[in-house]
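Work out the full structure, taking the sequences as your base and the hints as a guide.
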Amino acid sequence: MTKFRPCIDLHNGQVKQIVGGTLSDDGAGLKENFVADASAAEFAEQYRDDSLTGGHVIQLGPGNRDAALDSLAAWPSGLQLGGGVSIENAAEWISAGASQVIVTSWLFDQDGNFSIDRLKELSQEIGKERLVVDLSCRRTDKGWTVAMNRWQTLTNVEITKASLDRMAEYCSEYLIHAADVEGLCGGVDLELVSMLGDWAGIPMTYAGGVGSMQDVLAVDTHSSGKVDITVGSALDIFGGSGVNYQELVAWNQRES
Numbered sequence: 001m002t003k004f005r006p007c008i009d010l011h012n013g014q015v016k017q018i019v020g021g022t023l024s025d026d027g028a029g030l031k032e033n034f035v036a037d038a039s040a041a042e043f044a045e046q047y048r049d050d051s052l053t054g055g056h057v058i059q060l061g062p063g064n065r066d067a068a069l070d071s072l073a074a075w076p077s078g079l080q081l082g083g084g085v086s087i088e089n090a091a092e093w094i095s096a097g098a099s100q101v102i103v104t105s106w107l108f109d110q111d112g113n114f115s116i117d118r119l120k121e122l123s124q125e126i127g128k129e130r131l132v133v134d135l136s137c138r139r140t141d142k143g144w145t146v147a148m149n150r151w152q153t154l155t156n157v158e159i160t161k162a163s164l165d166r167m168a169e170y171c172s173e174y175l176i177h178a179a180d181v182e183g184l185c186g187g188v189d190l191e192l193v194s195m196l197g198d199w200a201g202i203p204m205t206y207a208g209g210v211g212s213m214q215d216v217l218a219v220d221t222h223s224s225g226k227v228d229i230t231v232g233s234a235l236d237i238f239g240g241s242g243v244n245y246q247e248l249v250a251w252n253q254r255e256s
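Numbering (my numbering), first residue to last: 1 to 256.
Since the hints were made in silico from the structure, they are not lab data.
Each residue gets a CB set at the ideal place from its N, CA and C atoms; glycine is no exception.
Fair warning: there could be bad hints in the mix.
Unchecked claim - FRET-style restraints, in silico, Cβ to Cβ:
{"no.": "1", "residue 1": "Gln124", "residue 2": "Thr221", "range": "33 to 43 Å"}
{"no.": "2", "residue 1": "Lys128", "residue 2": "Glu92", "range": "16 to 26 Å"}
{"no.": "3", "residue 1": "Asp117", "residue 2": "Glu32", "range": "14 to 24 Å"}
{"no.": "4", "residue 1": "Gln124", "residue 2": "Leu154", "range": "27 to 37 Å"}
{"no.": "5", "residue 1": "Asp37", "residue 2": "Lys142", "range": "40 to 50 Å"}
{"no.": "6", "residue 1": "Ala250", "residue 2": "Glu45", "range": "24 to 34 Å"}
{"no.": "7", "residue 1": "Lys31", "residue 2": "Asp236", "range": "17 to 27 Å"}
{"no.": "8", "residue 1": "Ser51", "residue 2": "Met213", "range": "16 to 26 Å"}
{"no.": "9", "residue 1": "Met213", "residue 2": "Asn113", "range": "36 to 46 Å"}
{"no.": "10", "residue 1": "Thr160", "residue 2": "Gly225", "range": "16 to 26 Å"}
Said to hold, decoys possible - Straight-line distance between alpha carbons at most 16 Å, and here's what the computed EDC-like set of lysine to aspartate or glutamate pairs gives:
{"no.": "11", "residue 1": "Lys120", "residue 2": "Glu88"}
{"no.": "12", "residue 1": "Lys120", "residue 2": "Glu191"}
{"no.": "13", "residue 1": "Lys142", "residue 2": "Glu191"}
{"no.": "14", "residue 1": "Lys120", "residue 2": "Glu169"}
{"no.": "15", "residue 1": "Lys31", "residue 2": "Asp180"}
{"no.": "16", "residue 1": "Lys161", "residue 2": "Asp198"}
{"no.": "17", "residue 1": "Lys3", "residue 2": "Glu247"}
{"no.": "18", "residue 1": "Lys226", "residue 2": "Glu191"}
{"no.": "19", "residue 1": "Lys128", "residue 2": "Glu169"}
{"no.": "20", "residue 1": "Lys142", "residue 2": "Asp180"}
{"no.": "21", "residue 1": "Lys128", "residue 2": "Asp165"}
Spelled out as structure tokens, the structure:
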């Protein structure tokens with residue numbers, strides 16, 4: 001059954017919820033939905049106390065290392081870590097307490113061309129079970145195209161059953177952000193969710209567009225319970241009003 005997985009999105013060292021499509025290198029046009037007073041470590045402690053497993057900490061750009069380390073220290077082996085992960089630092093993040101590392105941009109060259117050799121190399125370095133591939137994507141005329149560099153650069157990878165099969169040989173999970181609806185609370189991409197549920201080769205977590213508990217139920221239904229979900233800007237602990245955090249905690253307990 002679909003599970004709720006918590007998140008900690010870090011931007012300039014603070015826990016934030018932002019509209020994903022507004023991220024850029026220079027920060028111009030960035031739209032923030034929420035900036036937390038609580039630290040990343042405090043959120044990690046809350047998730048630990050509520051036994052929410054499989055969540056992730058994502059560094060959105062530079063200036064987040066200390067906050068990320070603090071969150072991992074608050075719950076050793078309880079959270080995945082993504083953002084700026086490469087073969088040079090993946091083992092370091094795992095040693096710092098990450099259950100797994102999440103990688104996207106490092107798997108591509110500067111022009112967005114995917115390297116299966118890099119994926120194999122990283123998988124061999126830290127172990128397949130420690131590796132999550134983030135397939136953040138944007139809708140294009142081809143379907144869903146993976147985007148890198150904070151969702152700014154389209155790559156040469158489309159999300160299809162064939163591409164999912166190929167990469168699943170070298171990782172243990174997928175994290176899939178629907179960047180075009182990320183942070184908008186306007187509903188999830190159910191077509192994408194259905195395709196992922198039909199494939200269901202390895203565990204997957206979907207992120208993007210959740211605005212209400214009905215969206216959580218829809219992901220459960222359209223994926224036949226095979227795709228997990230994370231909730232951002234709609235969640236009350238992130239200043240939202242569409243989804244109650246304690247209701248999601250109860251959802252996980254009820255479905256266990």
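Comparing the hints with the structure gives:
1. Gln124 to Thr221: 33 to 43 Å: 38 Å, holds
2. Lys128 to Glu92: 16 to 26 Å: This hint holds: roughly 19 Å between Cβ atoms.
3. Asp117 to Glu32: 14 to 24 Å: Given about 38 Å between the Cβ atoms, the range is violated.
4. Gln124 to Leu154: 27 to 37 Å: 28 Å, holds
5. Asp37 to Lys142: 40 to 50 Å: Since Asp37 and Lys142 have Cβ atoms about 42 Å apart, the given range 40 to 50 Å holds.
6. Ala250 to Glu45: 24 to 34 Å: Once the Cβ atoms are compared, 19 Å apart, the range 24 to 34 Å for Glu45 and Ala250 is violated.
7. Lys31 to Asp236: 17 to 27 Å: 20 Å, holds
8. Ser51 to Met213: 16 to 26 Å: About 20 Å separates the Cβ atoms of Ser51 and Met213, which means 16 to 26 Å holds.
9. Met213 to Asn113: 36 to 46 Å: 40 Å, holds
10. Thr160 to Gly225: 16 to 26 Å: 22 Å, holds
11. Lys120 to Glu88: 14 Å, holds
12. Lys120 to Glu191: 30 Å, violated
13. Lys142 to Glu191: At roughly 14 Å apart (the allowed maximum being 16 Å), Glu191 and Lys142 satisfy the hint.
14. Lys120 to Glu169: With Cα atoms ~9 Å apart, Lys120 and Glu169 stay inside 16 Å; holds.
15. Lys31 to Asp180: Since the Cα atoms of Lys31 and Asp180 sit roughly 13 Å apart, the hinted pair holds (cutoff 16 Å).
16. Lys161 to Asp198: The hint holds at about 9 Å.
17. Lys3 to Glu247: Within the cut-off at roughly 12 Å; holds.
18. Lys226 to Glu191: 14 Å, holds
19. Lys128 to Glu169: Satisfied, since the Cα-Cα distance of roughly 8 Å is no more than 16 Å.
20. Lys142 to Asp180: 15 Å, holds
21. Lys128 to Asp165: Roughly 14 Å between the alpha carbons, so the hint for Lys128 and Asp165 holds.
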